[in-house]
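Trainee: Sequences are here, hints too, so could you generate the full structure?
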Amino acid sequence: MKEKRLFHLSKEFHLSKEEFGSDMVIFGLEGALNVQTAPEFEEALKKNISEGKKKVILEMSHLNYISSIGLGVIIGYLEETREQGGDIRICGVNDPVIQDIFETTGFPKIIQFHKDLGTARLSF
Amino acid sequence: MADLSLRIGSETLFVPPVVAALKSYALRCGFVEEEATKIAVAVEEALANVIKHSYESRKEGVILIEADLKGDELCVRVSHQGKPFVLEGKRAAPDIEKLEKERKKGGFGLYLIEKFMDEFHLGHEKEWHYYLMKKHLRP
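Residue numbers (my numbering), protein chains in the order written: chain A, 1 to 124; chain B, 1001 to 1139.
Calculated from the structure, these hints are not laboratory results.
Note that this is a predicted model, so its numbers are computed, not measured.
There's no promise every hint is true.
What the hints assert, rightly or not - When the alpha-carbon atoms are kept at most 30 Å apart in a straight line, the in silico BS3-like pairs for lysine-lysine are as follows:
(1) 11/A <-> 1101/B
(2) 115/A <-> 1101/B
(3) 1052/B <-> 1083/B
(4) 1052/B <-> 1115/B
(5) 55/A <-> 1101/B
(6) 115/A <-> 1083/B
(7) 1098/B <-> 109/A
(8) 1105/B <-> 47/A
(9) 11/A <-> 1105/B
(10) 54/A <-> 1098/B
(11) 46/A <-> 17/A
(12) 115/A <-> 1115/B
(13) 1105/B <-> 46/A
(14) 1105/B <-> 17/A
Mentor: So this is what it looks like as structure tokens:
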């Protein structure tokens, strides 16, 4: 496991990145993924695609807000990752409104959700 | 004059503080945290739509945000002078599998407004177009 790196993308949103082995990366999302922070999040994810990591986990236990622009970034990243032969898991969602947003927009139909990081890692 | 009245430029930079102010106002009106957050999401979706579609990301546009508690009903109005947005009937839930296949990133915003607010209308008054969103306090 490589050292955990933190990206302070803004005062409202932080992103951490941990790499496991040669092909797995875990992004930890913290704070608010909104119209202001989503473009920065998208840029950070694009860099990861160029690094060739195929197993991606988005850990959201510290995420407290998401709006539609954040959902759009995740869909775009999902498609690009799958085109490279990879896939994404989402885990740790515990905010009730975020759970509601994912459920009502149908995200569980296209992405596997896991209760915690351990089960998400084992799912690959 | 509305209880809360804000005027911002058409820039995403100003959206988070407005959303925070609306959430704070909703909490003061008596909404629980979860419902206040849903109001915040709905307001962000309206503002994002105005900036992207009505002003086409031109920063010189003006957006007015007004909020009032009338009885047990919170009314939020987001007004602009950009292109009017056409809403054709009640929006169905987004077909996420189709959006994924077509690599479309949008399509959730108006649906979330309708899902999280009790009422949602688009209208116009003089030179202003507006999103009117209402939510009732529940005992």
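Trainee: All the hints need checking, so say for each whether the structure fits it.
Mentor: Each hint, compared with the structure:
1. 11/A <-> 1101/B: violated (34 Å)
2. 115/A <-> 1101/B: holds (26 Å)
3. 1052/B <-> 1083/B: OK: residue 1052/B and residue 1083/B at ~10 Å, within 30 Å.
4. 1052/B <-> 1115/B: Between residue 1052/B and residue 1115/B the Cα gap is close to 21 Å, so the pair holds against 30 Å.
5. 55/A <-> 1101/B: Since the Cα atoms of residue 55/A and residue 1101/B sit roughly 20 Å apart, the hinted pair holds (cutoff 30 Å).
6. 115/A <-> 1083/B: violated (43 Å)
7. 1098/B <-> 109/A: holds (11 Å)
8. 1105/B <-> 47/A: holds (19 Å)
9. 11/A <-> 1105/B: Holds - the C-alpha atoms of residue 1105/B and residue 11/A are around 25 Å apart, at most 30 Å.
10. 54/A <-> 1098/B: Distance ~23 Å between residue 54/A and residue 1098/B Cα, so the pair holds.
11. 46/A <-> 17/A: OK: residue 46/A and residue 17/A at ~13 Å, within 30 Å.
12. 115/A <-> 1115/B: Holds, at about 25 Å.
13. 1105/B <-> 46/A: holds (15 Å)
14. 1105/B <-> 17/A: Holds, because 24 Å separates the two Cα atoms, which is no more than 30 Å.
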